[in-house]
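Note that full-length UniProt numbering numbers the sequence shown so that position 170 is 170, with each residue one more than the last.
It is worth saying that the hints were derived from the structure and are not from the lab.
Careful, some of the hints might be misleading.
As the list claims (entries may be wrong) - The calculated label-pair distances, taken between Cβ atoms and stated as ranges, are:
#1 Glu-179 <-> Pro-145: 21 to 27 Å
#2 Gly-229 <-> Glu-179: 31 to 37 Å
#3 Arg-178 <-> Asp-244: 17 to 23 Å
All C-beta atoms in this analysis are idealised placements derived from N, C-alpha and C, irrespective of residue type, glycine included.
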Amino acid sequence: MTTKRAVKAVIPAAGLATRFLPATKAVPKELLPVVDRPVLQYIVEEAASAGITDVLLVTGRGKTAMVDHFDRRPDVEARLEEKGDHERLAAVRRSSELADIYTCRQGEPLGLGHAVGCAASHVGDNPFAVLLGDEFVEEDKPLLPAMLDLQARTGGIVLAFMEVAPEETSRYGIASIRESDLGEDVVEVTGLVEKPAPGEAPSNLAVLGRYVLPGSIFDVIADTKPGNGGEIQLTDAMAAMLADGVPVHGIVYRGHRYDTGMPLGYLQAVVQLAVRRPDLGEEFRAWLTEFVGGRKG
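The whole structure should be built from the sequences, with the hints applied where relevant.
Okay, here's the thing in structure tokens:
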């Protein structure tokens, strides 16, 4: 089975980000900077690099600044041009040239499935990607292109997985799998278990925040009853489709995933990317080594 390749992405970004309060009282978590780019820009860049130029942000109250970030700023651009600061001028313009950005409002935080369902009128019957708004992967080790290609071949659901230590399975959704002949690091998914206790997990493959879904999932989401936490869960909708015979495959990602959904992961992402920057890395690494060594206050 071959279908057309997805060209639209949905980024659910309506959460309250209570773990980051009070910083996120007025600033969306998705706009917190990782060095000099907000988290959300890394994610939109990931989609654009995979050939997706249509991005829908599912937003909530107080999150209009996310849209503003991808708008033009003629006043700032003119100032930078006057100063001859062409490097920063290109960086400012880049965010408005990555993709066509659209928005819809999730009135209440009723779960990931509900947030994805809000995209139905924008996406229609076409396959589409879902990128969670608080994690991204290495730029030089992309994940999304392979997922899009695989979904175009199978017409079903394609997930992304990462290997975790056995004692960490209770933090993630874990897949039960069997081998597939569709490519290296591709597995066939036979079931999903939410946060199983160590020793009870069917594998060590944890769901990563990237999905490529067929448009038919919207009807399933509409019929999905609230589950864990009283929310409409995307996992429940996917499980229903799997039970109905829709093929579900996963790609095991071997690169690094940056998880900015919690303060510790956010700080780790800032440090990890800062030390890799050619303009900052050497000096920052030297300072960090001195600081960790206890010789700098």
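Which hints, by number, does the structure contradict?
none
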